[in-house]
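> Single-letter residue listing:
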Amino acid sequence: MKIKVTLWRVLFVIILCLGTYSAYVRYFHGLGAVSNMSDQFPWGLWIGFDCLCGVMLAAGGFCITGAVYLFNIERLHCIVRPTILTAFLGYCLFIVGLLFDLGRPWFIWHQLVYMNPHSVMFEVGMCVMTYTTVLFFEFLPNVLERFHLTAPLKWVKQLMPVLVVAGILLSTLHQSSLGSLYLIMPSKLHPFWYSPALPFFFFGSAIAVGLAMTIFESTQSAKALGKHLELPVIVELGGALLVALWVNALLRFQDFYHRDLLGQIIKPSYEAYFLWLELLLAFVIPITMLSFKRVRLSSTGLYLASLSTLLGFVTNRLNVSITGFETWAGHHFVPKWTELMITLTIIALGFFIFAICVKYLPIFETVAKHQKLTPPESTGTGISVPLHAGD
Amino acid sequence: MKKGILYDATMCIGCKMCEKACAEHNGLPYDANVAAEQKQSEHKFTVVLTQNDKFMRRLCMHCEEPACASVCPVGAFHKTSAGPVVYDVWKCIGCRYCMVACAFAQPKYEWGSLNPRVRKCIMCPDLVKEGKQTACAEICPTGATKFGDRDDLVKEAQERLAQNPSNYVPHIYGLKEVGGTEVLLLSSVSFEQFGYPLISKIGDTPLPEYTGKIMSKVPDFIPLWGLVLGGVYWLAHRKEEVALAEAKGKEGGMS
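So the protein sequences, as listed, match chains A and B.
For the record, in the first sequence the residue sitting at position 204 is 203 according to numbering that gives the first Met the number 0, with numbers rising by one throughout.
For the record, in the second sequence the residue sitting at position 188 is 187 according to numbering that gives the first Met the number 0, with numbers rising by one throughout.
Just so you know, not all the hints are guaranteed correct.
As the list claims (entries may be wrong) - Pairs of lysine-lysine, DSS-like flavour, derived with a Cα cap of 27 Å:
| no. | chain 1 | residue 1 | chain 2 | residue 2 |
| --- | --- | --- | --- | --- |
| 1 | B | K249 | B | K238 |
| 2 | B | K38 | A | K335 |
| 3 | B | K200 | A | K153 |
| 4 | B | K19 | B | K145 |
| 5 | B | K128 | B | K15 |
| 6 | A | K222 | A | K156 |
| 7 | A | K335 | A | K222 |
| 8 | B | K128 | B | K145 |
| 9 | B | K238 | A | K156 |
| 10 | B | K200 | B | K1 |
| 11 | A | K266 | B | K200 |
| 12 | B | K1 | B | K19 |
To be verified - Examples of chain B residues toward chain A, derived with CB under 10 Å:
| no. | residue |
| --- | --- |
| 13 | A35 |
| 14 | Q39 |
| 15 | K90 |
| 16 | F190 |
Note that these hints are calculated values from the structure, not bench results.
Each residue gets a CB set at the ideal place from its N, CA and C atoms; glycine is no exception.
So that you can see chain A by itself, here it is in the shape it has in the complex (with noise of 0.2 Å):
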């Protein structure tokens, strides 16, 4: 057999050498010496990113699933599995994250054992246990059909609407509880992600996120690994993108203006800089290109809407979880070099699993058979459906 040398296949196994030895690091000389946390900064790039921003960018699934299996949105069908698929990625790996950053990775089941109902973190984990667990079974088919096991997926096909309406009961939950986790520090973190809307402003940025997740992934897949493109699905999704980028919007302005903090955002700081990034990746970039009907209707500009919605809302949960803390901690918080290679491999993991699962699993192959089957008049009846999905 022989390997084709790629940039990316390069990059792939430089990135996964150097995670190896940070995971060394991690895990033989301790948090100390592979993070830049601190007494200050005890939460650093790896529940900013790979807990908050892992937990976002999987959220396509219950977005998806929900839309298909819930609201019965049929034409969209033929995306359920690689969503599905991104989704439980997702979670498994913001668990190999968490096994990273908790302290005593090895009593990590003491969640089960020693409950403490009061606490967001214990609902956060209960809820990420039990749905990356649903995430399975959702996942199932995708393996049990490679191997014709007939029966079982048909139990498990069955299965499917308890699934789903479980796993959106779940993200609801722990979407927003990722919010929440930030409601009882009301005087260190700073004002401008401060607000009792927290975990409304987590849920609504989950759904926009995990729009444009599935916009992305498509395209993505399409491009890198030659799938068959579902175009009218994907601009679809563009539309009920663009309504969830201006709820989302809205709320967060109206967050500002009720707190009276509109005329210190416009003014420039350490903190306003990074705010207005956050807001022209999240909101103002995306949704000005979505507004023009011939990039809601071209795979590269949707591609492009989607990956600024993307960058925007991650900038905006590593400003929840760092930026904001900056000003209270009295120092910057830059990650150190082996930290950010373990959340590097991390993502560099999720691209490959996610490239062989495509290969040696039908994730598309449903695509193909799902045209054939659907009749054509239940496509193009609009794009405010799956809107309801995302409410």
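On the provided structure of chain A, position chain B as indicated by the hints.
Quick look at chain B alone, frame taken from chain A:
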């Protein structure tokens, strides 16, 4: 009856005997180098800060409603009925939420350890249980650190403020901060300059209330939201059934 500590900075001479006694009682190393450290850490639970001949102790405030205990997913922190907020290392998974949540940044971490613990002043619960004073109060030569029933200490602090108003900033730190703390402070200069967040910033609301407001709604939310989602499923799929039934009806009519 809750126990507490009253620290009166105007009586403090900066001898750091409290630091030493604290280290000894907790089995931590203490030498000239540690004594010179002007900050708390995983090996220094209390510190006597010095600024222009003014002193100020820092130590865990032992909140009436501690944020650390409320946020810990495994309940590794808990408030004892006597007052001390204590830590059970066995339960701890190392998420460090306690450190992020504490308004006084008291929990410190063993960043260099491979099986790290969260460390902070736990108000000598072993001594307190036996009816004794904390190590720091016991050793204090001037009575600047005083141990006793919190209610009595509050009264005493109020008396001191009333008797010598010119000696003090007119505020008992810890009386109302984040809903009140067992540790009470008196000072002749602003608490803020020693890193204590002012009440105007942290407020008098117990921090757990901020999350409690939303967490208490979760048990009600789950069945309601589940019902709504189930309803949506039923409605969305009913359309299909109706269409199917109608189609069948038509067929039946024709034949």
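> All the hints need checking, so say for each whether the structure fits it.
Each hint, compared with the structure:
As the CA atoms of B:K249 and B:K238 are separated by approximately 16 Å, the hinted pair is consistent with the 27 Å bound. The suggested pairing of B:K38 with A:K335 holds, with an alpha-carbon distance near 23 Å, which does not exceed 27 Å. Distance restraint check for B:K200 and A:K153: the Cα-Cα separation of roughly 58 Å exceeds the 27 Å cut-off, and the hinted pair is therefore not satisfied. Distance restraint check for B:K19 and B:K145: the Cα-Cα separation of roughly 16 Å lies within the 27 Å cut-off, and the hinted pair is therefore satisfied.
Distance restraint check for B:K128 and B:K15: the Cα-Cα separation of roughly 25 Å lies within the 27 Å cut-off, and the hinted pair is therefore satisfied. Restraint check: the Cα-Cα separation between A:K222 and A:K156 comes to about 30 Å, which exceeds 27 Å; the hinted pair is violated. Only pairs whose Cα atoms come within 27 Å are accepted, and A:K335 paired with A:K222 is rejected, the gap being roughly 33 Å. Restraint check for B:K128 and B:K145: the C-alpha separation of about 17 Å stays at or below 27 Å, so the hint holds.
At most 27 Å may separate the alpha-carbon atoms for a hinted pair to count; B:K238 and A:K156 meet this at roughly 21 Å. As the CA atoms of B:K200 and B:K1 are separated by approximately 26 Å, the hinted pair is consistent with the 27 Å bound. At most 27 Å may separate the alpha-carbon atoms for a hinted pair to count; A:K266 and B:K200 meet this at roughly 22 Å. As the CA atoms of B:K1 and B:K19 are separated by approximately 25 Å, the hinted pair is consistent with the 27 Å bound.
About 18 Å separates the beta-carbon of B:A35 from the nearest beta-carbon of chain A, more than 10 Å, and the hint is not met. Interface restraint check: B:Q39 against chain A, minimum CB-CB distance 8 Å, threshold 10 Å, status holds. Taking 10 Å as the C-beta cut-off, the interface hint given for B:K90 holds, the closest approach to chain A being about 5 Å. Using the Cβ-Cβ criterion of 10 Å, the hint placing B:F190 at the interface with chain A is not satisfied: the shortest such distance is roughly 14 Å.
The structure does not agree with the numbered hints 3, 6, 7, 13, 16 stated previously, though it agrees with the rest.
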